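Asker: Generate coordinates for the entire structure from the input sequences, incorporating the hints supplied.
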Amino acid sequence: MPSRALILAGAAYAASALAFLTLGARGDWGFLLLFRGEKLLALSTVGAAVALSTLVFQTITGNRILTPAIMGFDALYVMIQTALVFLLGGVGFASLGALPVFALETALMVAAATGLFTFVMGRGDDMNRLVLTGIVFGILLRSLSALMARMIDPSEYAYVQAASYARFTNVDGDLLWIAVAVVLAVGALVLAQARRLDVLALGRATALTLGVAHERAARRLMWLVTLLVAVSTALVGPIVFFGLLVSAVTYQIAGTWRHAVLLPLSALIAAALLVASQTLFERVLSLQSSVFVVIEALGGLVFLYLVLRRTPR
Amino acid sequence: MIEMSGLSYAAGGKAILHDITARLPEGRLTVLVGPNGAGKSTLLALLGRHLAPGGGVIRFGGRPLEDWPRAELARALTILRQATRITPRLTVADLVAFGRYPHGQGRLTPEDRKIAAACLDRMALTDLRDRQLDTLSGGQQQRALIAMVLAQDTGTLLMDEPLNNLDLAHARRVMQVLRERAAAGRTVVAVLHDLTVAARYADHVLALRDGRVMAEGPPDAVFTPARLAQLYDAEIEVHQIGGRPVILPI
Chain A
108 MPSRALILAG AAYAASALAF LTLGARGDWG FLLLFRGEKL LALSTVGAAV
158 ALSTLVFQTI TGNRILTPAI MGFDALYVMI QTALVFLLGG VGFASLGALP
208 VFALETALMV AAATGLFTFV MGRGDDMNRL VLTGIVFGIL LRSLSALMAR
258 MIDPSEYAYV QAASYARFTN VDGDLLWIAV AVVLAVGALV LAQARRLDVL
308 ALGRATALTL GVAHERAARR LMWLVTLLVA VSTALVGPIV FFGLLVSAVT
358 YQIAGTWRHA VLLPLSALIA AALLVASQTL FERVLSLQSS VFVVIEALGG
408 LVFLYLVLRR TPR
Chain B
45 MIEMSGLSYA AGGKAILHDI TARLPEGRLT VLVGPNGAGK STLLALLGRH
95 LAPGGGVIRF GGRPLEDWPR AELARALTIL RQATRITPRL TVADLVAFGR
145 YPHGQGRLTP EDRKIAAACL DRMALTDLRD RQLDTLSGGQ QQRALIAMVL
195 AQDTGTLLMD EPLNNLDLAH ARRVMQVLRE RAAAGRTVVA VLHDLTVAAR
245 YADHVLALRD GRVMAEGPPD AVFTPARLAQ LYDAEIEVHQ IGGRPVILPI
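Chains A and B are the protein sequences, given in the same order. Sequential numbering of the first sequence, starting at 108, is according to the numbering used here. Sequential numbering of the second sequence, starting at 45, is according to the numbering used here.
Please keep in mind that the hints were generated in silico from the structure rather than gathered at the bench. Be aware that one or more of the hints could be misleading.
What the hints assert, rightly or not - If the Cβ cut is set under 8 Å, some of the chain B residues that face chain A in the computed set are:
#, residue
1, 114
2, 115
3, 117
4, 123
5, 125
6, 129
7, 133
8, 149
9, 153
Please read all numbers here as calculations on a predicted model, not as lab measurements. The beta carbon of each residue, even a glycine, is placed where N, CA and C say it ideally should be.
Answerer: Structure below.
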């Protein structure tokens, strides 16, 4: 029952949010709720952005083991960080305002993705070519980052390293509200396209037969995916496998192919998973490191499982 | 009515179709025949606007095909393609209901449901309506796809190898449906490999080889041993059994 899955995911999210806000709380509740509330909002926003972008990307590409990170987004993010440290030095990089860096990162990522789509899709609709170009693009960017990293002072490279892992410890408050607004707006636009996504899931030939201009629809949706990935990456750093973990769980429990259910369900599952894991990490295990280290490892295992499961028997 | 004039198409630097000029009239079942690689599926994809021609013009309903808005075209013309992605968990009834998407953008009216149910029944799929597509055989999936295309209820049907994976009884059923649609004044075009079936049901035959029209006309005129030998580079016999042509390679 799809509606039951949605209700259960909503309840799981509410329970994990409540635990995150209240578990081990001592002192001024007003301050505590504000402090923890901001972090909860960051976790939920990033979870929703990763979930929606992965699900839409997988529908367009017709491949449930791909994530937008395959298009080289994480590599681009790391290269931007490395280039900034390389050009400005560690202190110069640290003194940059969070907002300008955020705007620059988002603009560059959207521009790179647009260039990629125009270059590849301008030569006909070929999703395989797009994905392969994305992989090559990622390798190129990683090579460039490695080259610059070799030329950076080792002590300054610590700034690059610190910025290259997903973290929730130092999310800027102003950035958070911008990210929330973008994710809400893009999420609403994606949800409004739910029926069209159902048709796109049937592949290019059937979508065209049913009157959906496949190339145009896919390009527009890829823009929205880009925006979601750019915002979440710029906010908390690169996240590679978490989307895969969320989409695999969503398809498993949704019991439907309808995007009107899959989209909100994936966002709720992602947010619930992130918040519950962070609660466990911070409040129960009293660990200070980012929960993403564990979640990414888990996502990597899911990726391997999905790939191996598809091996012809 | 579909009219093609000087139609050509190339892919990867290789010419697939050369200077095709033909008319596909309303109220008739036109069958495209020819050896593998002759350009039949490519021609159908061009007519369905799944590919853009390299040269020439296609006119559909009196205006250039590219002038038709995609959504409006889907209410007037449908095409069964060989490449279709099967979404996990999609049932037969769900897929057939997608045929009504061009009419209501996914919001099904009682009339839509009635049409979808009739198409399920026409393809003998009512008992399988709640089965997930990925649990069905190739032939059952093919029937579900044909039912979806029929549910679009368009004036023009382009069918690329509709008999793929079908047994004799279901192949007969599909050809009867196509004949009925043609008799009702619709334009029906099908790519077929079984020449006996083509001779039995077609009003008009377009024979392609190496991207060119080699012969065109009623089945009796096209399906002669000499023409078929030229078309397929093989010796082919045409027998008359019970007044109907049976075409066999020697």
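Asker: It remains to establish, for every hint, whether it holds in the given structure.
Answerer: Okay, the hints, checked on the actual structure:
1. Against a cut-off of 8 Å between C-beta atoms, the interface hint on residue 114 of chain B holds, since the closest Cβ of chain A lies about 5 Å away.
2. Interface hint at residue 115 of chain B: satisfied, since its Cβ lies 4 Å from the closest Cβ of chain A, which is below the 8 Å cut-off.
3. Satisfaction of the interface hint for residue 117 of chain B is found here, the shortest Cβ-Cβ separation to chain A being roughly 7 Å, below the 8 Å cut-off.
4. At its closest, the beta carbon of residue 123 of chain B sits 5 Å from a beta carbon of chain A; the interface hint therefore holds under the 8 Å criterion.
5. Proximity of residue 125 of chain B to chain A holds as hinted, the smallest CB-CB distance being about 4 Å (cut-off 8 Å).
6. Because the beta carbon of residue 129 of chain B sits about 3 Å from the nearest beta carbon in chain A, less than 8 Å, this interface hint is met.
7. Annotation: residue 133 of chain B was flagged as interfacial toward chain A, and the flag holds, the nearest CB pair being 5 Å apart, inside 8 Å.
8. Look at residue 149 of chain B: its Cβ gets to within about 6 Å of chain A, closer than 8 Å, so that hint holds up.
9. Nearest Cβ of chain A to the Cβ of residue 153 of chain B: about 15 Å, over the 8 Å cut. The hint is violated.
The structure is inconsistent with hint 9 alone, although it conforms to all the rest.
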